[in-house]
Amino acid sequence: MNDSLDRRSLLRRGGLVAAGAATAAPLASTVATPAAATGKPSSSHVTELTTRNPLIEQRADPCITPPVNGMYYMTGSVPEYDRIVVRGAPTIDGLAHTRERTIWRRPKSGRMGGYIWAPELHRIDGRWYVYFAAGDADDKFRIRMYVLESAAADPREDAWKLRGQVTTAWDTFALDATTFEHRGKRYYVWAQSEPGIDTNSNLYIAEMSSPLAIKGDPVRIAVPTRDWETRGFAVNEGAAVLVRNGKVFMTFSASATDANYCMGLLTADARANLLDPKSWSKSPQPVFTTNEHTGRFGPGHNTFTVGEDGETDVLVYHARSYRHIDGDPLFDPNRHTRVQRLYWNDDGTPGFGVPVGEGGTAVRLSPMDAPRAYVRHHEYDLRVDGDVRQLADTQFRFTPGFLGPDRIALQSVDFPDRYIRVRGNSLHIAPYEDSDDYGSTTGFIRTRGLADHRGISLRLSSDPDTYIVHDNGRLTTGRPRGRAERERATFLLS
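Residue numbers (UniProt numbering): 1 to 494.
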C-alpha cells in the first residue's frame, strides 16, 4: 500500500470526511502577531496555535491560565463530577499530551460530597487558588461556592488546603466563580439564584476583601431575559473577563447546556465603577453560538489565555460535536475543551467568529498592498474588505491538496465543505467534487512571499507563473512582474 496517499484518494476511501476535511497532524506554518490589540497582521511571526481540535476530550468548563513561570495550567469539570484535576505544560498544545493530577476529591458524605463543577485556577499574590462549586452528598444540586488554596509554586503539587465556602447574601444555588484585578481592586464574579427573581441564575459582582471572601453587598449585573438566554433554562453563568482597549469585557454563558448553550457579552468602560449595574451593557445577540456547518454544538463556559507569543488572545471553551443528546445534557460526557484565536475589530471590540471544526489552525489573509483588509467570501465569491464583522467569512485553513502531495487547498472555516476554486480569472469557494477538474482548480503551491518572505504567495498548480492576486478589492489571478504587482500577490497571515 502506498503510504503517500493524496487527499482525494483518502476522501474516496473514507479516510477523511469531506465536510470536515481534517488532518491529524499539525501544519508547519506561522501566523502574524497582532498589531497592538486589533488583530491586524504584522511582519512579526510566531508559532501558530495548536491545530488539535478538540484540545482535550471530556473536559467541560475549561480554564487555562496565562503562562506562570513558563507553564500553562489547566483544570475543568470531569464527567464524574467527583474531583478537581490540574495539568500543566509549557505550550497550549502540550496540555493535550501531559498527565493529569487529581488535587482534591469530594468527601464520601456531607458537605461538598455531591457534584463538583467548574473549577477555576488563579494565581494571586504568589499563591494558587481554585474556585469551584459543590453540592452535598444527600442533595447533589445544593450547589454552593468553595475555594482551595496552595502555597506551592506548582499547582499540581499535593499542597492544597480547603479554605471553605465563599458566602454571599443568600444561601442559594451559586456557582461559576471567577476573579480578576482591575485598577488596584480585586473583584469576584459569580452566578446565583436570587430569591424573588424567577430565573435559574443571574450574574453578580463584588469586591474581594481577600482571595477567600467578598466584601459588601452583591451587585446584580445581568439577568437572563432575552430569548437566547432562556432556552431550556433561564441562565446567565460562567463569566470570564478580559480588559482591553479601554473596556472591561465579560463573556458569559446562557440557556440550557445542550445545543442552546451560547455566549453573550457584557461591556463596561475601564474607568467606570464596576459595582454600578448601570456601568454594564449587554450584547443584544449572542456572540458565540452553535454552528451547524462546523458541527460544533453548545459552545460556552469559556476562559481566556494568551498564546506563546505573549500577545495573541486565545478563547478557551467547550462544545460538543453533535446536537442530539439522550437524557439530561449534564450527564452527556462529551463537552470537549477547545481553543481558538480571539480577534479584535477595528473599534476595539472582540471578534469571536464561529466555533471552528476539525483541522489545522484557522488563519486570515491580508494582501500586502492592503494590510488592514482581509480576503473574505461574500455570497461564495472572494473579495478583499476591511473591518469585516463576520469574522468567519475571512478565515481559511491550509489543507493537503486533492491532486498531488505538493499541492495545498484552502478550506473555508464556516463552510468546511467548500474550498477556494479558480474560475476563469476570479475565485470563489465551491463545494467539494470528486473530479480531476476540482482537484486541479482548487490546488495551489504555497511559496514564500514574492514581495516579502515574511508573507506567503499562492501559485496556481496548473500554471507556474500565475498567482492569486489582489486587485482593488477583487481577488483574481495574474502574473506579477514589478514590485507593486508582487506586493499584490503577497499575503500576510493573522
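There's no promise every hint is true.
Stated by the list, open to error - Just the calculated beta-carbon pair ranges, DEER-fashion: (1) N425 <-> Q390: 22 to 28 Å; (2) Q390 <-> A272: 17 to 23 Å; (3) D139 <-> D381: 54 to 60 Å.
To be verified - Listed next, the in silico DSBU-like pairs over lysine-lysine satisfying Cα-Cα at most 30 Å (straight line): (4) K161 <-> K140; (5) K247 <-> K278; (6) K185 <-> K215; (7) K140 <-> K108; (8) K140 <-> K185; (9) K161 <-> K215; (10) K247 <-> K140; (11) K282 <-> K247.
What the hints contain is simulated information worked out from the structure, not anything from laboratory work. Using N, Cα and C, we set each Cβ at its ideal position, and we do this for glycine too.
Okay, the hints, checked on the actual structure:
1. N425 <-> Q390: 22 to 28 Å: 25 Å Cβ-Cβ, so the 22 to 28 Å window holds.
2. Q390 <-> A272: 17 to 23 Å: 29 Å, violated
3. D139 <-> D381: 54 to 60 Å: Holds - the Cβ-Cβ distance for D139 and D381, about 58 Å, lies within 54 to 60 Å.
4. K161 <-> K140: 22 Å, holds
5. K247 <-> K278: 15 Å, holds
6. K185 <-> K215: 12 Å, holds
7. K140 <-> K108: 12 Å, holds
8. K140 <-> K185: Violated, at about 34 Å.
9. K161 <-> K215: 22 Å, holds
10. K247 <-> K140: Violated, at roughly 38 Å.
11. K282 <-> K247: 13 Å, holds
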